[in-house]
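Undergrad: If you read the sequences in order, they're chains A and B.
Heads up: the first sequence begins at 1 in full-length UniProt numbering, then just goes up one per residue.
Heads up: the second sequence begins at 1 in full-length UniProt numbering, then just goes up one per residue.
By construction, these hints were calculated from the structure, which means they are not laboratory data.
Hints may be right or wrong, so weigh each one.
[Unchecked claim] With a straight-line cut-off of 20 Å between C-alpha atoms, the simulated SDA-like cross-links for lysine to any residue are:
hint : chain 1 : residue 1 : chain 2 : residue 2
1    : A       : 282       : B       : 120
2    : B       : 112       : A       : 240
3    : A       : 32        : B       : 310
4    : A       : 123       : B       : 25
5    : B       : 112       : A       : 28
6    : A       : 289       : B       : 227
7    : B       : 110       : A       : 28
8    : A       : 32        : B       : 211
9    : B       : 110       : A       : 116
10   : A       : 289       : B       : 109
11   : A       : 123       : B       : 33
12   : B       : 112       : A       : 22
13   : B       : 84        : B       : 170
14   : B       : 112       : A       : 30
15   : A       : 32        : B       : 117
16   : B       : 110       : A       : 30
17   : A       : 116       : B       : 25
18   : B       : 112       : B       : 25
19   : B       : 112       : A       : 29
20   : A       : 123       : B       : 29
21   : B       : 71        : B       : 81
22   : A       : 282       : B       : 109
23   : A       : 32        : B       : 84
24   : A       : 32        : B       : 110
25   : B       : 71        : B       : 300
26   : A       : 123       : B       : 310
27   : A       : 32        : B       : 198
28   : A       : 289       : B       : 26
29   : A       : 282       : B       : 194
30   : A       : 32        : B       : 218
31   : A       : 289       : A       : 133
32   : A       : 123       : B       : 114
33   : A       : 32        : B       : 193
34   : A       : 32        : B       : 214
35   : A       : 123       : B       : 110
36   : A       : 123       : A       : 182
37   : A       : 32        : B       : 120
38   : A       : 116       : B       : 20
39   : A       : 123       : B       : 121
40   : A       : 282       : B       : 114
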Amino acid sequence: MTATVAPETIVRRPAASTRSPRGRALLYWIAKHAIAVALSIMFLGPLVFIVLTAFMSNRQALTSQLWPATWHWNNFADIFEKAPLLTWISNTIMYSVLATAFMLVSSIPVAYALAKFRFRGRKLAFLLVITTMMLPPQVVAVPIYLIWARFHLTGTLWPLIIPMLLGDAFSIFLLRQFLVTIPREYSDAARVDGCGEFRTLIRVILPMARPAIAAVGLFQFFFCWNDYYGPLLYAGTDQSHWTLSLGLAAFKSQHATQWNLTMAATILAMAPVIVVFFFAQKVFIEGVKLTGVK
Amino acid sequence: MATATLGRRGKAAPFRSRERRRANLRALLYLSPWIVGFSVFFAYPLISTVYFSFQRYDMFTLEPVGLLNWKYFLRDDAAWTSIKNTLWLVVVMVPLRVLFGLGVAQLITKLKAGAGVFRTIFYLPSLVPVVAGTLGFVYLLNPGTGPVQAILGAVGIQSPDWFGDPAWSKWGLTLLALWSVGDLMVIFMAALLDVPKQLYEAAALDGASAWQQFTRITLPVIRPVLMFAAVTGVIQTLQYFTQAMVAARVASGATDSAGSVFTPGYPDGSTLTFPEWLFQQGFRDFAMGYACVLALILFVVSMIFTLILLRQFRGFAEEEA
Numbered sequence: 001m002t003a004t005v006a007p008e009t010i011v012r013r014p015a016a017s018t019r020s021p022r023g024r025a026l027l028y029w030i031a032k033h034a035i036a037v038a039l040s041i042m043f044l045g046p047l048v049f050i051v052l053t054a055f056m057s058n059r060q061a062l063t064s065q066l067w068p069a070t071w072h073w074n075n076f077a078d079i080f081e082k083a084p085l086l087t088w089i090s091n092t093i094m095y096s097v098l099a100t101a102f103m104l105v106s107s108i109p110v111a112y113a114l115a116k117f118r119f120r121g122r123k124l125a126f127l128l129v130i131t132t133m134m135l136p137p138q139v140v141a142v143p144i145y146l147i148w149a150r151f152h153l154t155g156t157l158w159p160l161i162i163p164m165l166l167g168d169a170f171s172i173f174l175l176r177q178f179l180v181t182i183p184r185e186y187s188d189a190a191r192v193d194g195c196g197e198f199r200t201l202i203r204v205i206l207p208m209a210r211p212a213i214a215a216v217g218l219f220q221f222f223f224c225w226n227d228y229y230g231p232l233l234y235a236g237t238d239q240s241h242w243t244l245s246l247g248l249a250a251f252k253s254q255h256a257t258q259w260n261l262t263m264a265a266t267i268l269a270m271a272p273v274i275v276v277f278f279f280a281q282k283v284f285i286e287g288v289k290l291t292g293v294k
Numbered sequence: 001m002a003t004a005t006l007g008r009r010g011k012a013a014p015f016r017s018r019e020r021r022r023a024n025l026r027a028l029l030y031l032s033p034w035i036v037g038f039s040v041f042f043a044y045p046l047i048s049t050v051y052f053s054f055q056r057y058d059m060f061t062l063e064p065v066g067l068l069n070w071k072y073f074l075r076d077d078a079a080w081t082s083i084k085n086t087l088w089l090v091v092v093m094v095p096l097r098v099l100f101g102l103g104v105a106q107l108i109t110k111l112k113a114g115a116g117v118f119r120t121i122f123y124l125p126s127l128v129p130v131v132a133g134t135l136g137f138v139y140l141l142n143p144g145t146g147p148v149q150a151i152l153g154a155v156g157i158q159s160p161d162w163f164g165d166p167a168w169s170k171w172g173l174t175l176l177a178l179w180s181v182g183d184l185m186v187i188f189m190a191a192l193l194d195v196p197k198q199l200y201e202a203a204a205l206d207g208a209s210a211w212q213q214f215t216r217i218t219l220p221v222i223r224p225v226l227m228f229a230a231v232t233g234v235i236q237t238l239q240y241f242t243q244a245m246v247a248a249r250v251a252s253g254a255t256d257s258a259g260s261v262f263t264p265g266y267p268d269g270s271t272l273t274f275p276e277w278l279f280q281q282g283f284r285d286f287a288m289g290y291a292c293v294l295a296l297i298l299f300v301v302s303m304i305f306t307l308i309l310l311r312q313f314r315g316f317a318e319e320e321a
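Input sequences plus hints: build the corresponding full structure.
TA: Quick look at the structure:
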């Protein structure tokens with residue numbers, strides 16, 4: 001008996017458990033969005049806890065409570081008294097602004113030449129750009145440090161700013177990847193109208209490349225804003241030359257267990273990046289896409 | 001001179017070769033900042049690094065020591081610890097990041113409601129400054145007062161001492177790396193949306209399940225992008241520095257007295273990465289000759305992966321799009 005019953009149940013079972021196709025689609029919809037919400041909590045959770053802790057009193061930050069008993073707005077004023085934050089912020093802004101400006105001036109012509117000119121060694125030049133972009137900065141760090149030491153510039157941020165006048169491999173690469181996608185007809189048309197090569201670059205190519213230039217500029221700015229290795233190597237022990245990243249990393253050990261103030265300082269370092277991101281989200285996303293393979 | 005001799009070969013030649021020479025000169029002009037930069041900040045230092053690797057140098061006295069630095073490397077236990085740690089990160093952190101990034105990207109492309117909002121939320125952490133993110137994670141995961149322990153404790157789980165236990169510290173760093181997976185996610189999303197729709201429609205007609213469609217269509221089509229992400233991930237991980245440095249510093253600072261000299265790797269050398277050891281040798285202990293030995297080893301390994309990248313992904317350096 002059982003032998004004859006079995007096949008029947010096998011046939012019937014899927015028919016019984018499958019509700020209407022619409023019901024299954026709904027379940028699928030709910031499952032997907034539930035996972036997305038769970039992931040959102042995981043991605044946002046750390047940021048939320050950092051903010052909550054920043055508002056706690058010092059004593060409460062040392063307990064395992066999650067919600068501030070009272071909101072201590074003055075924590076954000078206190079951190080400016082505990083550390084030379086204004087100096088660090090202005091150093092960071094100087095480093096980021098100058099490095100970004102220098103990088104754009106020097107890298108755009110290089111990227112343009114690599115993308116549009118035909119000349120001997122063009123392929124080799126591009127391969128070398130990629131290689132220098134890929135290799136760790138630590139590989140050539142010792143001799144470069146010695147160069148700056150000879151000019152008595154170690155102990156300042158200038159060793160990180162001055163080289164930007166000579167092009168940045170990652171930025172050259174990204175700009176070049178964008179510029180090759182601009183059809184040749186545009187520059188040809190400009191040339192027919194009597195534009196020189198340089199005027200073609202300024203008047204025709206640059207306006208078209210604005211999104212890529214914005215992305216590369218933002219990447220450079222935030223690379224400098226976030227940079228820790230560079231300032232650690234060059235800024236030295238004098239705190240008046242430190243950047244925000246450098247100061248932030250030392251903040252906790254200088255103010256022993258004051259997690260609330262450390263988190264407040266952390267928010268200070270994150271805020272500009274997040275604000276700019278919300279205004280320029282598209283620029284970021286398009287820029288990241290340029291870094292991949294087609 | 002050269003143009004004149006070449007010119008005899010044909011009537012159009014003098015004009016063309018002069019033109020070509022002008023084009024080369026013009027390219028040289030545009031490239032000149034980079035050429036100077038490449039020579040001063042890459043080519044010269046690289047050669048110089050080879051030279052210093054055979055010297056003892058502490059910024060005051062320079063003394064040729066032959067192969068001594070190289071021999072020392074073989075019995076430098078800390079260097080081998082740092083190699084092991086860096087390898088661990090390459091083998092564990094890189095694949096996990098690629099898998100997680102792919103999963104998140106796939107999920108977003110399948111969402112019908114709120115895909116834009118979710119994309120923003122998932123991408124956001126990758127923008128958080130590395131030092132700030134690391135500080136946040138050390139605080140969140142610290143077992144004494146961290147909120148993660150508070151939540152886990154409520155359901156009766158004892159959280160490990162993430163950044164204070166040598167067995168867990170690299171996992172703590174891995175969590176941090178997964179949190180900031182946004183850049184990979186964006187690249188994968190672009191690749192997933194590029195997969196031709198007709199392929200899925202045809203497969204669906206043939207009765208392929210969602211999983212079959214993923215393994216038979218999606219994966220093969222986006223394979224180059226995944227490989228690219230893996231290889232660049234390896235190259236980036238070979239430079240892994242800031243997160244390990246800051247995490248060790250902050251986690252150890254909780255027990256150290258203020259102002260004590262910090263050696264990277266806390267706890268117990270478990271987060272000491274190769275670039276950190278190079279930094280320590282070159283710029284804290286001023287064993288610059290020996291640091292150059294470590295730099296050359298890093299150079300060779302990174303170069304191997306860069307060559308793989310250039311060979312496998314010709315499209316990366318393609319002429320025109």
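Undergrad: Now, for every hint given, state plainly whether the structure supports it.
TA: Each hint tested on the structure:
1. Simply put, residue 282 of chain A and residue 120 of chain B have alpha-carbon atoms about 10 Å apart, close enough for the 20 Å limit, and the pair holds.
2. A distance of roughly 51 Å separates the Cα atoms of residue 112 of chain B and residue 240 of chain A; the hinted pair therefore is violated under the 20 Å criterion.
3. The suggested pairing of residue 32 of chain A with residue 310 of chain B is violated, with an alpha-carbon distance near 38 Å, which exceeds 20 Å.
4. Between residue 123 of chain A and residue 25 of chain B the alpha-carbon distance is near 16 Å, which keeps this suggested pair within the 20 Å criterion.
5. Taking the CA atoms of residue 112 of chain B and residue 28 of chain A, the gap is near 11 Å; set against the 20 Å cutoff, the hint holds.
6. A threshold of 20 Å between alpha carbons decides the hint, and for residue 289 of chain A with residue 227 of chain B the separation of about 16 Å falls inside it, so the pair holds.
7. Straight-line distance between C-alpha atoms of residue 110 of chain B and residue 28 of chain A comes to about 10 Å, which keeps the hinted pair within the 20 Å bound.
8. Between residue 32 of chain A and residue 211 of chain B, the direct Cα distance comes to roughly 15 Å. Compliance with the 20 Å bound is thereby established for this hinted pair.
9. Only pairs whose Cα atoms come within 20 Å are accepted, and residue 110 of chain B paired with residue 116 of chain A is rejected, the gap being roughly 39 Å.
10. In summary, the hint linking residue 289 of chain A to residue 109 of chain B is supported, as the alpha carbons are separated by about 16 Å, within the 20 Å threshold.
11. Of the supplied pair hints, the one linking residue 123 of chain A and residue 33 of chain B holds, its CA atoms being roughly 18 Å apart against a limit of 20 Å.
12. Taking the CA atoms of residue 112 of chain B and residue 22 of chain A, the gap is near 15 Å; set against the 20 Å cutoff, the hint holds.
13. For the hint pairing residue 84 of chain B with residue 170 of chain B, the CA-to-CA distance comes to about 12 Å; that is within 20 Å, so the pair holds.
14. Restraint check for residue 112 of chain B and residue 30 of chain A: the C-alpha separation of about 11 Å stays at or below 20 Å, so the hint holds.
15. Between residue 32 of chain A and residue 117 of chain B, the direct Cα distance comes to roughly 14 Å. Compliance with the 20 Å bound is thereby established for this hinted pair.
16. At most 20 Å may separate the alpha-carbon atoms for a hinted pair to count; residue 110 of chain B and residue 30 of chain A meet this at roughly 12 Å.
17. As the CA atoms of residue 116 of chain A and residue 25 of chain B are separated by approximately 14 Å, the hinted pair is consistent with the 20 Å bound.
18. Distance restraint check for residue 112 of chain B and residue 25 of chain B: the Cα-Cα separation of roughly 54 Å exceeds the 20 Å cut-off, and the hinted pair is therefore not satisfied.
19. For the hint pairing residue 112 of chain B with residue 29 of chain A, the CA-to-CA distance comes to about 8 Å; that is within 20 Å, so the pair holds.
20. Taking the CA atoms of residue 123 of chain A and residue 29 of chain B, the gap is about 17 Å. The hint holds against a cut of 20 Å.
21. Pair hint residue 71 of chain B plus residue 81 of chain B holds up; C-alpha atoms about 17 Å apart against a cutoff of 20 Å.
22. Taking the CA atoms of residue 282 of chain A and residue 109 of chain B, the gap is near 17 Å; set against the 20 Å cutoff, the hint holds.
23. Restraint check for residue 32 of chain A and residue 84 of chain B: the C-alpha separation of about 39 Å exceeds 20 Å, so the hint is violated.
24. With a CA separation close to 8 Å, the supplied pair residue 32 of chain A and residue 110 of chain B stays within the 20 Å bound.
25. Proposed proximity of residue 71 of chain B and residue 300 of chain B is supported: the alpha carbons are some 17 Å apart, at most 20 Å.
26. For a cut-off of 20 Å, the pair hint linking residue 123 of chain A to residue 310 of chain B stands: about 12 Å separates their Cα positions.
27. This hinted pair does not check out: residue 32 of chain A and residue 198 of chain B have alpha carbons roughly 23 Å apart, beyond 20 Å.
28. In summary, the hint linking residue 289 of chain A to residue 26 of chain B is not supported, as the alpha carbons are separated by about 31 Å, beyond the 20 Å threshold.
29. The hinted pair formed by residue 282 of chain A and residue 194 of chain B meets the criterion: a straight-line CA distance of about 18 Å does not exceed 20 Å.
30. Restraint check for residue 32 of chain A and residue 218 of chain B: satisfied, since their Cα atoms lie roughly 18 Å apart, inside the 20 Å limit.
31. Distance restraint check for residue 289 of chain A and residue 133 of chain A: the Cα-Cα separation of roughly 17 Å lies within the 20 Å cut-off, and the hinted pair is therefore satisfied.
32. A hinted pair counts as satisfied when its Cα atoms are at most 20 Å apart, and residue 123 of chain A with residue 114 of chain B does not qualify at roughly 44 Å.
33. Distance restraint check for residue 32 of chain A and residue 193 of chain B: the Cα-Cα separation of roughly 18 Å lies within the 20 Å cut-off, and the hinted pair is therefore satisfied.
34. As the CA atoms of residue 32 of chain A and residue 214 of chain B are separated by approximately 16 Å, the hinted pair is consistent with the 20 Å bound.
35. Distance check on the hinted pair: residue 123 of chain A and residue 110 of chain B sit about 40 Å apart at the alpha-carbon level, beyond 20 Å; violated.
36. Of the supplied pair hints, the one linking residue 123 of chain A and residue 182 of chain A holds, its CA atoms being roughly 19 Å apart against a limit of 20 Å.
37. In summary, the hint linking residue 32 of chain A to residue 120 of chain B is supported, as the alpha carbons are separated by about 17 Å, within the 20 Å threshold.
38. In summary, the hint linking residue 116 of chain A to residue 20 of chain B is supported, as the alpha carbons are separated by about 14 Å, within the 20 Å threshold.
39. Annotation: proposed proximity of residue 123 of chain A to residue 121 of chain B is violated, straight-line Cα distance about 40 Å (limit 20 Å).
40. With a CA separation close to 16 Å, the supplied pair residue 282 of chain A and residue 114 of chain B stays within the 20 Å bound.
In the structure shown, a violation is registered for the earlier hints numbered 2, 3, 9, 18, 23, 27, 28, 32, 35, 39, in ascending order.
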